[in-house]
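Enquirer: Now for the letters of each chain:
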Amino acid sequence: MEKKSTKKIIIGLVILAVLIGGFLLCYNKFAAKGTVGEKAIVIEVVDSNGISSEYDVNTDAEYLKDAMDELAASDSSFSFSGQEGDYGLMVEVINGEQAIYAEDNAYWALYVNGEYGQYGVTEQPVGDGDTYTWKYESAE
Amino acid sequence: MEIPIPGNMNLQNNMNNKVCFTTKDIALAGMMIAVIEVCKVALSFLPNIELTTFWLIMFTLYFGRKVVAVVPAFILVEGVVYGMNTWWIMYLYIWPLLVLLTWIFRKEDSALFWGIVSGIFGLCFGMLCSITYFFIGLSSGGVVAGFNTAFSWWISGIMWDMVHCAGNFVFMVILYTPIKNVMKMIASRTNC
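Just so you know, the protein sequences line up as chains V and S, in that order. Heads up, the first sequence is in numbering that gives the first Met the number 0, so the first residue is 0 and it goes up one at a time. Heads up, the second sequence is in numbering that gives the first Met the number 0, so the first residue is 0 and it goes up one at a time.
Source of the hints: derived by calculation from the structure; they are not laboratory data. Remember, it's a predicted structure, so these values are computed and weren't measured experimentally. Glycine included, C-beta positions come from ideal geometry on N, C-alpha and C. Hints are not guaranteed to be accurate.
[What the hints assert, rightly or not] Derived lysine-lysine pairs resembling BS3-like cross-links, with alpha carbons at most 27 Å apart:
id	chain 1	residue 1	chain 2	residue 2
1	V	K7	S	K183
2	S	K183	S	K23
3	V	K2	S	K23
4	S	K106	V	K6
[Said to hold, decoys possible] To spell it out: a stretch of chain V is covered by chain S in this simulated footprint if at least three of its residues, at any positions, have a beta carbon under 8 Å from a beta carbon of chain S; those stretches are:
id	segment
5	7-16
6	23-37
7	107-121
Turn these sequences into a full structure, and let the hints steer you where they fit.
Expert: Here it is in structure tokens:
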């Protein structure tokens, strides 16, 4: 009985170690990483009326939130805010327009070069020449 | 007083052979949910550090099938308190899965063994949650979009899953033996 239990613990430890190693490898290989250096990007905001505002940004920021912070500091017509969570900032207000899912039944969707974004604003890497579109989207 | 409820509960009403759940069982289930909720609120300032895994394992080990009533009630309470959002869908299958795993290995009585199980569960939590995101992506852009959504969601949270794994492991290894002794005492006093 004792021997059987020890065997199960050893097997469990091996599984745990393999999983940790495998997950870390996946994280290192596939996690979004920012690139160092100057980049020219476009940040576009499409509001609830479908009106688009474009901002050309030259930045050294590696992640979108930092680039947006720089834009907000240099251009008074652009502003954003939100709530910090486990996975970074959840954008709730852009240019004064609020889109909180629970209150407004709408949200600010992030598109990268026209494709639906896979990361939050804090984790979204900035790439030279990319266009980041914030679109006000109503829940269906 | 015995209240007939559907499902495979451990007590039988001898008069009509209906499966029953006593008032004491209902009170006990309420206490279990209260313990989980209190610990959850107390640790809410620490991201991905929780005692829900620990308690569900202990309750399954020492109160057996009664936990069948605790899990759905706990999930319902969570939904009512915090709102039924995407995470709530994840809870519908994640916590029952933990109870099922615990039930399979219920004969094991080692803090280290359960520490490993809790650690693996915490580590795989994000991966299990990402199943829901697969279906969200699937509904908007097909299988590839579903996979991309689930995969990137899982990858971005891996470091938090590591924290979850470590927290679960440490809590179980430290608390297993003292809580086990208390559980045994309660179980014998309440004839559970």
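Enquirer: Quick check: which numbered hints come out false for this structure?
Expert: 3
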